[in-house]
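Trainee: Sequence:
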Amino acid sequence: MKRAIQVGKGFMKHTFEEAMSLSRAGDVLVLDPGKYNYPDGIVPSDITIRGNGDKAEDVILNTNIELNNESLFFKLDNLTLTSAVQSKNSLYSTNDCNATVEINQSVIKAEDEYYAISVCGNTSLQINQSEVYTAGLFTDDNAKVFANNSIFNIVATYGNSEVQLKTDKILGYLIANDFSNISADDIYFEHTFKPDTINISLGNKAKIRLNHLTMLNDNTIHQANLFNDSVLEVNQSNLSEEAPLYIQREDNASFSGQYLFDISNLQNSSSQETQETEVSPDNTEEIPNTVPSKSALEQIHKLIGLSKVKDEIDGFISMAAFNKKRQEQGIKNVKQSFHSLFLGNPGTGKTTIARLLAKAMYEEGVLSTGHYIEADRSTLVGQYIGQTEQNTSEILHQALGGVLFVDEAYSLIGDGNDFGTKALDTILKFMEDHRNDIMIIFAGYPVEMDKLLQTNSGLKSRFPNVFHFEDYSNDEIVSIGIKMLENNSFNFNHDIYKSLISETYDLYGDNSNARWIRNVNERLERIAAKRVMHEHSDDINLITNNDLEELDKTFK
156 MKRAIQVGKG
166 FMKHTFEEAM
176 SLSRAGDVLV
186 LDPGKYNYPD
196 GIVPSDITIR
206 GNGDKAEDVI
216 LNTNIELNNE
226 SLFFKLDNLT
236 LTSAVQSKNS
246 LYSTNDCNAT
256 VEINQSVIKA
266 EDEYYAISVC
276 GNTSLQINQS
286 EVYTAGLFTD
296 DNAKVFANNS
306 IFNIVATYGN
316 SEVQLKTDKI
326 LGYLIANDFS
336 NISADDIYFE
346 HTFKPDTINI
356 SLGNKAKIRL
366 NHLTMLNDNT
376 IHQANLFNDS
386 VLEVNQSNLS
396 EEAPLYIQRE
406 DNASFSGQYL
416 FDISNLQNSS
426 SQETQETEVS
436 PDNTEEIPNT
446 VPSKSALEQI
456 HKLIGLSKVK
466 DEIDGFISMA
476 AFNKKRQEQG
486 IKNVKQSFHS
496 LFLGNPGTGK
506 TTIARLLAKA
516 MYEEGVLSTG
526 HYIEADRSTL
536 VGQYIGQTEQ
546 NTSEILHQAL
556 GGVLFVDEAY
566 SLIGDGNDFG
576 TKALDTILKF
586 MEDHRNDIMI
596 IFAGYPVEMD
606 KLLQTNSGLK
616 SRFPNVFHFE
626 DYSNDEIVSI
636 GIKMLENNSF
646 NFNHDIYKSL
656 ISETYDLYGD
666 NSNARWIRNV
676 NERLERIAAK
686 RVMHEHSDDI
696 NLITNNDLEE
706 LDKTFK
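Mapping the sequence shown onto our numbering, position 239 (from 1) lands on 394, and the numbers just tick up by one.
These are calculated hints, taken from the structure and not from any lab test. Yeah, the Cβ is synthetic: ideal placement off N, Cα and C, and Gly gets one too. There's no promise every hint is true.
Claimed, not checked - Straight-line Cα separation of at most 25 Å, SDA-like style, residue types lysine to any residue; simulated pairs:
1. Lys487 x Arg617
2. Lys164 x Gln241
3. Lys615 x Asn478
4. Lys606 x Glu266
5. Lys479 x Gly520
6. Lys480 x Pro619
7. Lys362 x Asp466
To be verified - With beta-carbon atoms standing in for the labels, derived distance ranges:
8. Tyr663 x Asp466: 45 to 55 Å
9. Glu212 x Asp605: 51 to 61 Å
10. Asp665 x Gly189: 39 to 49 Å
11. Asn666 x Asp580: 25 to 35 Å
12. Glu677 x His367: 21 to 31 Å
13. Tyr663 x Ser411: 41 to 51 Å
14. Asp605 x Lys685: 43 to 53 Å
15. Asp665 x Glu641: 18 to 28 Å
16. Gly470 x Ile540: 23 to 33 Å
17. Asp665 x Ser692: 27 to 37 Å
18. Leu697 x Arg481: 49 to 59 Å
19. Ser176 x Asp417: 50 to 60 Å
Using the sequences provided together with the hints, build the complete structure.
Mentor: Encoded structure:
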């Protein structure tokens, strides 16, 4: 018979620990408003835990919930669940779990970028009108999830699992891999969790189908990465020619939908102008560069600034090509490692150089494919034993023959129980086993990268090539800003623009380099767009002197 067990302070009420020990199958634990700490964690069996407050935040349960083969049904209602242990999921199921789990009107959080919810095995999870933060939801090994009217930082599916979303909002990314499937009706992206150009990522025969896709961010670039026979379908969306979803894919991956633009072969096109993109550690800015008909090395030299890096790249590629010729003639190579460190502040061209370097190494015959793969902690590090090695190995094999660019590599080093060290160990072994057909680049801020090198005595010797990306000068920032506007076909008074940007950068520059000028230009473009629409003007390419004056006022 179902019983209600009251938890709180007062007559006939129990502590949470007492209530757990008293509970039997079918019971409901009703928690009064307050915070309940249970650091040892709980393994529930066929019970409901319900908050008795007006909203989920009124009742905070600080514990870790494990669902295993003894769990048949578990339900959370109207409370906030937080992890009592760092580097651990707030709610997770084991591989042998067959439970049915329901979460209603609740908030689930974890610490240290761990997934708040991680379910696998044959777990069936339903999430209604809830919020799942920190890294969000992770599924694997045939798990099934249905979510309705909920908010997630990330939804990541692996191992033949299935996720159905209905009227849900994603603040970060959708990730599908290893034969998994995501289907969504009325899905909304509001990119506020680790803002990035990447919204969607698929790999290894996974499929994502989106009906009624809505991108909520204005002036944001949206991109999907597709690998290894994966499929993306978008049916009805608010995408447009001005704000499309860019697709970066391998040849065996496919997609369908209106305003999905394939940019995979953009660099190789000789018939149209290409735009390279520099993505900073927080992935929010671009540096447009053109001339796709030229070699990658020529494109590097066309970039604004970076004179020291350009000289170092020349020597690096020359030595690699020199060794290749010696090898072809049967002469012993001069010892050279490709693996490199890219050190610098955001927006200083690290990703642009890495992309072009991959292409240049391929053009010189040094690397076999010229693949360029980006990764960071979120794509490398898993949530349970063995998953990190699997994720990292898969990404390494994707990059084989080309370049693997690991952004914010120092984030792989955590505390003693952190899985990030497993990713680092896997990378170090792979780079030794495949030293002649992959280039691995660790990128990040100089101080943090130095700390990373201090944690492992062998790292410095394995990454002998160090490229220092200096901040752009005032004049270079102005030149980048002009190039961005010209690439968008705007006409404007260059002298007034130069004077305004130069003075403003001296006063308000924030060391984010190209990201700063991109944000300023976007502000200027919005001012011009507002004027054009208000005046019903047909000259949509003109930025007036008054527009520049209005931009100046926004800094006062």
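Trainee: For a quick check of understanding: which of the numbered hints are violated here, in increasing order?
Mentor: Numbers 2, 7, 8, 9 and 16 - these are the hints that the structure violates, sorted from lowest upward.
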